[in-house]
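Visitor: So the sequence lines, in the order shown, correspond to chains A and B. Residues 405 to 862 in this note's numbering are what the first sequence spells out, letter by letter. Residues 405 to 862 in this note's numbering are what the second sequence spells out, letter by letter.
A portion of the hints provided could be inaccurate.
No copy is singled out in the list; a pair is fine if it fits within one copy or between any two copies.
[Claimed, not checked] Result set (SDA-like, lysine to any residue): computed pairs, CA atoms no more than 20 Å apart in a straight line:
hint	residue 1	residue 2
1	K797	Y847
2	K757	D645
3	K682	S614
4	K682	R763
5	K682	T761
6	K757	G648
7	K682	D617
8	K757	A688
9	K757	E646
10	K757	A641
11	K443	K466
12	K768	E719
13	K443	E719
14	K757	L689
15	K466	D577
16	K768	H747
17	K682	M592
Bear in mind the hints are in silico, worked out from the structure with no lab data behind them.
2 protein chains.
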Amino acid sequence: MNDRRDAALQYAHENRPRFLDELKEFVRIPSVSTDPGAKGEMQHAAEWVAEQMHGLGMEKVKIYPTAGHPVVYGELLKAGADKPTALIYGHYDVQPAEPLELWHSPAFEPTQRGDNLYGRGASDMKGQVVISLKAVESLVRNGGLPINVKFIIEGEEEVGSPSLGDFIAAHKDLLACDFAINPDTGMMGADIPTITYGLRGLAYFELRVSGPDHDLHSGQFGGVVHNPAQVLCELIAGMHDEQGHITLPGYYDSVRPLDAEEREELGRLPTDEAFYLKQTGAPALDGEAGYTPVERVGARPTLEVNGLLSGFTGEGSKTVLPARAMAKISMRLVPDQDPEEVHQQLLRYLEEKSPGTIRWELIKMAGGPASITDRHLPAVQSLEKSLEAVWGKPASFRREGGSVPVVAQMADILGVDSVLTGFGLPDDNLHAPNEKIHVPTFYNGIDAFIHFLSNLAE
Amino acid sequence: MNDRRDAALQYAHENRPRFLDELKEFVRIPSVSTDPGAKGEMQHAAEWVAEQMHGLGMEKVKIYPTAGHPVVYGELLKAGADKPTALIYGHYDVQPAEPLELWHSPAFEPTQRGDNLYGRGASDMKGQVVISLKAVESLVRNGGLPINVKFIIEGEEEVGSPSLGDFIAAHKDLLACDFAINPDTGMMGADIPTITYGLRGLAYFELRVSGPDHDLHSGQFGGVVHNPAQVLCELIAGMHDEQGHITLPGYYDSVRPLDAEEREELGRLPTDEAFYLKQTGAPALDGEAGYTPVERVGARPTLEVNGLLSGFTGEGSKTVLPARAMAKISMRLVPDQDPEEVHQQLLRYLEEKSPGTIRWELIKMAGGPASITDRHLPAVQSLEKSLEAVWGKPASFRREGGSVPVVAQMADILGVDSVLTGFGLPDDNLHAPNEKIHVPTFYNGIDAFIHFLSNLAE
Chain A
405 MNDRRDAALQ
415 YAHENRPRFL
425 DELKEFVRIP
435 SVSTDPGAKG
445 EMQHAAEWVA
455 EQMHGLGMEK
465 VKIYPTAGHP
475 VVYGELLKAG
485 ADKPTALIYG
495 HYDVQPAEPL
505 ELWHSPAFEP
515 TQRGDNLYGR
525 GASDMKGQVV
535 ISLKAVESLV
545 RNGGLPINVK
555 FIIEGEEEVG
565 SPSLGDFIAA
575 HKDLLACDFA
585 INPDTGMMGA
595 DIPTITYGLR
605 GLAYFELRVS
615 GPDHDLHSGQ
625 FGGVVHNPAQ
635 VLCELIAGMH
645 DEQGHITLPG
655 YYDSVRPLDA
665 EEREELGRLP
675 TDEAFYLKQT
685 GAPALDGEAG
695 YTPVERVGAR
705 PTLEVNGLLS
715 GFTGEGSKTV
725 LPARAMAKIS
735 MRLVPDQDPE
745 EVHQQLLRYL
755 EEKSPGTIRW
765 ELIKMAGGPA
775 SITDRHLPAV
785 QSLEKSLEAV
795 WGKPASFRRE
805 GGSVPVVAQM
815 ADILGVDSVL
825 TGFGLPDDNL
835 HAPNEKIHVP
845 TFYNGIDAFI
855 HFLSNLAE
Chain B
405 MNDRRDAALQ
415 YAHENRPRFL
425 DELKEFVRIP
435 SVSTDPGAKG
445 EMQHAAEWVA
455 EQMHGLGMEK
465 VKIYPTAGHP
475 VVYGELLKAG
485 ADKPTALIYG
495 HYDVQPAEPL
505 ELWHSPAFEP
515 TQRGDNLYGR
525 GASDMKGQVV
535 ISLKAVESLV
545 RNGGLPINVK
555 FIIEGEEEVG
565 SPSLGDFIAA
575 HKDLLACDFA
585 INPDTGMMGA
595 DIPTITYGLR
605 GLAYFELRVS
615 GPDHDLHSGQ
625 FGGVVHNPAQ
635 VLCELIAGMH
645 DEQGHITLPG
655 YYDSVRPLDA
665 EEREELGRLP
675 TDEAFYLKQT
685 GAPALDGEAG
695 YTPVERVGAR
705 PTLEVNGLLS
715 GFTGEGSKTV
725 LPARAMAKIS
735 MRLVPDQDPE
745 EVHQQLLRYL
755 EEKSPGTIRW
765 ELIKMAGGPA
775 SITDRHLPAV
785 QSLEKSLEAV
795 WGKPASFRRE
805 GGSVPVVAQM
815 ADILGVDSVL
825 TGFGLPDDNL
835 HAPNEKIHVP
845 TFYNGIDAFI
855 HFLSNLAE
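From just these sequences and the hints, can you work out the full model?
Guide: Now the structure itself:
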């Protein structure tokens, strides 16, 4: 058994340059799921994944159309009925690359500088998908996979996975498995093997405020109408109090409190104030009073402004009193908050606080609940052992601030736990200009995944 | 004398279709002064004006280059030394046309619908410039101008006239006159002949807030840094109190209070709450407590958000925690506020209120003080008589909310008063999509200007 694994590791080491080239190929496809004009590129990316599956001798490889972007499926079930079946999740879509002018090299032209490969999706999560495919390849070419594996690679993660729930529900038999593997989380540092056991949920909204029925001259009418941009600012300003608590009515009612044991565990993580200052470049940290940075990111809910737009934003000056103002606002949720519940809380806040001088509209966009995985699952223990084998030190356990809605869907619909892994680093600039993957960690990730698939067979 | 005037009026009536065609020609030139790419169009518009002056037999016609866009000058001084000399001001530049998608016909393709001619600049102020040129033409072709006239038509009014002060100072002899005529204000309604005796000043700023040194993933980092878009909203929200008063330190210290007599006069104007509701389409009016709408627009200072921009503003959702947020903020000033004084007040506000979790930068853009004209000037009385001759009713006197910085410059540098007139209407959509001029009022304006130039000779 270990021979097979060692042969696979050697194969992986020998093929590193080609593995990296294939990742570059994948990153070159601008599969931006939120862009209505990118249908063709989305299909192209799905075909790239299906092609990889065919190359590994997978069966039932198919690009399934959905109401949105397609889902790619493939399976390799030759390990035998006595071996476990893992469902490996991934997504081939990426975030928009804007603002383009801040990229040091083109977003969809993967470029290596030093130890990093830059490009949109390099880390989130084309790199992670390639890690899992290449670990499988290394084992397939060296005696075969020790466990049974199914892949489900979707194209809508970056827009909140709107079609995935229906797809999973419609294909429960096809997707039946013992547990899921989700490599869409990351590490706390290149030398800190990390296992994520908690994820935050997401509720995303667009708030539109309007007042006058057309843009006005700020001289002719400034002083008699309530400026919608000002009202939007007042509404947003009121959503936090001075201690950084969120003021939506009942917002914390469903939040599961942190117990002393977990706080102590989280307190041992290396992600301290200095870590967050370095990662963000902010002049000072901020957030909810009474919680440490790592608690605020992992175990406390937030409310963020993701975008603001109103009036004249070009160069120079235009004395317009704008008719409308818009904000993108999203919340990261923790157990046991529900996206629809916070939607209602936001509506109630707006109903209570918005003045009669304006009109407002709230559009609900992506959303999904938070999730927590039992860290004593056998599959989690296999992962722990694999990470230690590659990094030579025990893994750290943490709750992550990001959202992976599919984890909740896997639990609800298929009744399985997800083991969360992934080899992105905190400075990978996810969702930002100059996204990159750390190439040595990409290679370590392939090694760890080979160990992991091998350990799962034991 | 009246024969000459009556012949000019008849000529003007006979030539109305051609006058309108020439206005359309002028509107077709997209002379957007804030657009760095419009240099050629600005020159084109200046040449159009110079061509008109040549056609009227004017002398010393010249397009003067400045640090910004050129100034066009021309004069006709044949009335004799015993007649007064008026300096007629105008501007050939226009506001940007954005947002283009809200125009019902293209902004620079003048289009007549009903009694209105739609196009950017049709009212502000190409229409007003054409009114003055065509009144002069009508008199020149029918016995000659009864007074001496100089024209100064600039190309930077919509960006705050940054070059005009230097130009006036450098050409004091050329511009010497008894008074200035500035037709850049408007009427309160098509049947309400209006004389404006007060104008608000302007101070325009761009406020930039930054926090993290790059856009962050709102899941990975939401909770530990202060969101710059949220901070910007908080800073803006704090600039007004609940009574609509502006909270910048010392903001009202220099504001000249309204006396009882002026409040009573302003109270007789027809621009009541219903008027402003109809003109703006807002669900309700708003503004500073303790003042009527007409007082708030004409005699009280304001602070408006003219634009907001941060993070992701496209379609769909992007979970970014933006590194930066920007607002365009401007104040309309009243006597005796000073633009530099309010600049310092805004700086003090930001120094006091901005948290240490972000960085901010304030960029000062256009600015000019407010002005008030003595309504008992002979030239103002000539205008009053002219408006009554055309509309058959006495003129209303008001203070207008807009800003015409050149009025203060004429007073400071040339030592002359400005008579403010103009024939734009409140629903002309100045600075907004679907700007238009009311064609019957455009024709009445030409008649009134012919009367005015004639009355000034008496």
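Visitor: For every hint, state whether the structure bears it out.
Guide: Checked hints:
{"no.": "1", "hint": "K797 - Y847", "result": "within (17 Å within a copy, 87 Å between copies)"}
{"no.": "2", "hint": "K757 - D645", "result": "both (14 Å within a copy, 15 Å between copies)"}
{"no.": "3", "hint": "K682 - S614", "result": "between (39 Å within a copy, 16 Å between copies)"}
{"no.": "4", "hint": "K682 - R763", "result": "between (42 Å within a copy, 16 Å between copies)"}
{"no.": "5", "hint": "K682 - T761", "result": "between (44 Å within a copy, 14 Å between copies)"}
{"no.": "6", "hint": "K757 - G648", "result": "both (18 Å within a copy, 16 Å between copies)"}
{"no.": "7", "hint": "K682 - D617", "result": "between (46 Å within a copy, 10 Å between copies)"}
{"no.": "8", "hint": "K757 - A688", "result": "between (30 Å within a copy, 16 Å between copies)"}
{"no.": "9", "hint": "K757 - E646", "result": "both (17 Å within a copy, 13 Å between copies)"}
{"no.": "10", "hint": "K757 - A641", "result": "both (11 Å within a copy, 13 Å between copies)"}
{"no.": "11", "hint": "K443 - K466", "result": "within (18 Å within a copy, 57 Å between copies)"}
{"no.": "12", "hint": "K768 - E719", "result": "between (32 Å within a copy, 13 Å between copies)"}
{"no.": "13", "hint": "K443 - E719", "result": "between (33 Å within a copy, 15 Å between copies)"}
{"no.": "14", "hint": "K757 - L689", "result": "between (29 Å within a copy, 17 Å between copies)"}
{"no.": "15", "hint": "K466 - D577", "result": "within (15 Å within a copy, 84 Å between copies)"}
{"no.": "16", "hint": "K768 - H747", "result": "within (8 Å within a copy, 40 Å between copies)"}
{"no.": "17", "hint": "K682 - M592", "result": "within (13 Å within a copy, 59 Å between copies)"}
Of the hints listed earlier, there is not a single one the structure fails to meet.
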